[in-house]
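If you're matching them up, the sequences are chains A and B in order. All the letters of the first sequence, read from the start, carry residue numbers 18 to 222 under my numbering. All the letters of the second sequence, read from the start, carry residue numbers 18 to 222 under my numbering.
Don't read these hints as lab results, they were simulated from the structure. Errors might be hidden in some of the hints.
Part of the chain A face toward chain B, derived, beta carbon under 10 Å [stated by the list, open to error]:
| no. | residue |
| --- | --- |
| 1 | 24 |
| 2 | 48 |
| 3 | 63 |
| 4 | 73 |
| 5 | 77 |
| 6 | 205 |
The model shown is predicted, which means the values in this text are computed figures rather than measured ones. Every residue, glycine too, gets a C-beta built ideally from N, C-alpha and C.
2 protein chains.
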Amino acid sequence: MNFSSRLLETAVNELARLPGIGRKTALRLALHLLNRPAEEVELFTRSLMALRQEIRRCKVCGNISDSDTCEICASPKRDHATVCVVQDTRDVMAIENTGQFAGIYHVLGGVISPMEGISPDDLNIVPLIEKSSAGTIKEVIMALPTTVEGDTTAFYIYRQLENKGVAVSVIARGIAIGDDIEFTDEITLGRSILNRTPYPTGMQR
Amino acid sequence: MNFSSRLLETAVNELARLPGIGRKTALRLALHLLNRPAEEVELFTRSLMALRQEIRRCKVCGNISDSDTCEICASPKRDHATVCVVQDTRDVMAIENTGQFAGIYHVLGGVISPMEGISPDDLNIVPLIEKSSAGTIKEVIMALPTTVEGDTTAFYIYRQLENKGVAVSVIARGIAIGDDIEFTDEITLGRSILNRTPYPTGMQR
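Make a model of the complete structure from these sequences and hints.
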């Protein structure tokens, strides 16, 4: 690209470092910002700097939060004895959107991955084991990805929680609601038969 | 979306205002920035503010530039008697990338569009007519979009340049190099026959 301005070139280079943003898209975004009022661009950049500089991690669950304790962990309405273990904040948002979970979360910040050099020590696992040892937690629900890394992480945590008097469960894997049986992959279909639930109790949504 | 943080929500809302960025992509970008070093995010936001606040328009051609006169208009190597009229800075970049044009540009900043309320007065047209009247310009090349608005704008400028001793031309429209004749739309194919060029001169690239 031949830029007529170094300012434009720098801005495009910076925008193109974002994931999923190519140089053509970056140029379109830069020219869009150029045509917006200066105050609007200032609000935009200030919101991003504020996000980076002022955000905290909840001391209880590890989720991103505006304060030291997130709203979920601070709420007396939630069941603090039931903890759902997830990989990151997006999973918390997805489960919250269902409105089906009244417990609290524990955000690991990733999964164990020797390939990417992520060991258990790099993750928010120790506080979960400590909380469980304290005796206030009744059930830990694993909601980790169905990958080798996710399964490894779930098993690692399970081994640490054994003999601590905590029930460990895993979210149901099966055929998505609305999906055709004939088009479901073999592994999912196989699991959905093995993990069948009593009728009609299992049909409740 | 249920955000665990107002800072995150604000950042996602701001990112989602960018063209072509939905809320899910905005969330992905915000979480990406959260995981980058603070200095990197500062460089990123500073480059965007600098772009908005410090960029100028070239006084000669209207293209975006770091100084009052852009590099192209300031260059003694360019042919200042041949002016290519384009809609915006992206067209300048595209033509510069070809390396086939040694003249200078004139950036209108848009095309006449009664539907969007853009009249000739909103565009950078008057300086082009004034330059042409001054007698230093020999040829004006129209490189505007092949839309009703682009054609209207080209004709409007053509009428203003009549009897000013300036040759007016338009970039060739025809079958793109590598395209099949049988799959070319009728209008393009029709124009390519009407505007045929002498062989083998017209084959030069």
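For each hint, the structure was consulted:
no., hint, result
1, 24, "holds (5 Å)"
2, 48, "holds (7 Å)"
3, 63, "holds (8 Å)"
4, 73, "holds (8 Å)"
5, 77, "violated (12 Å)"
6, 205, "violated (24 Å)"
Checked against the numbered hints above, the structure breaks hints 5, 6 and satisfies the rest.
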